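This note's numbering applies: residue 648 is where the sequence shown begins, and numbers increase by one.
Source of the hints: derived by calculation from the structure; they are not laboratory data. Any given hint might turn out to be false.
With a straight-line cut-off of 27 Å between C-alpha atoms, the simulated DSSO-like cross-links for lysine-lysine are [what the hints assert, rightly or not]: (1) LYS824 with LYS682; (2) LYS717 with LYS837; (3) LYS820 with LYS679; (4) LYS837 with LYS709.
Remember, predicted model here, so these are calculated numbers, not experimental data.
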Amino acid sequence: MAFDIREEDDTQHEEFDEYEDVKQPAPPKFYKRRKFWYFCIPNAIIALIVAVILALYVIMPKIAQSLMNKATINFSQIDITNPSPTSMDVVMQGDMQHTGPFHADISFPGTVTVSWNGIELGTTEIPGTSTASGGHGTLNLQSSVAITNSTAFAEFSSYMLNAESFVWHLEGKLNVKALGRTVKNLNLSKDITVN
């Protein structure tokens, strides 16, 4: 009886055939790896901080200035008292339109220049704050105007007595407090219609 090695080898290989079909485990998906999270979490935190800083210090002032530029101011009543060649006291009542959807407090921190027909009449400081919300607000302002051009003011006074309405141009700076954040030194350059 001859011993055939080939037959024995075939049976040995058949025993291991079942192990050849075993697949290697698939590598974990990229988001299940720790390296991904070590990289992703700090970058997400940095991106969030940068976005908040940009929103508060770049975007919000631009939006506030844009809303201020689109807003309209109309005074329905101006009472001038204590007129003199160098000053007068003014009480103004009116309304603001197109001020934006959020509640805002508006204040005038510095000097506001009052002009008529392109000629400066005087300067004033407007104390207190006015409020606006839902696209409109009311103005009740009291201030003293220092007359810087008495000739132009005399011309304006004679015009004002005979006109039904006139337009003043106000120029200066203002602060707006909205959404808990104050945006300072916005440019005010408005034509104000007085009826």
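Evaluation of the provided hints:
no.: 1; hint: LYS824 with LYS682; in the structure: 44 Å, violated
no.: 2; hint: LYS717 with LYS837; in the structure: 10 Å, holds
no.: 3; hint: LYS820 with LYS679; in the structure: 54 Å, violated
no.: 4; hint: LYS837 with LYS709; in the structure: 17 Å, holds
Taken one by one, the earlier hints fail for this structure at numbers 1 and 3, listed in ascending order.
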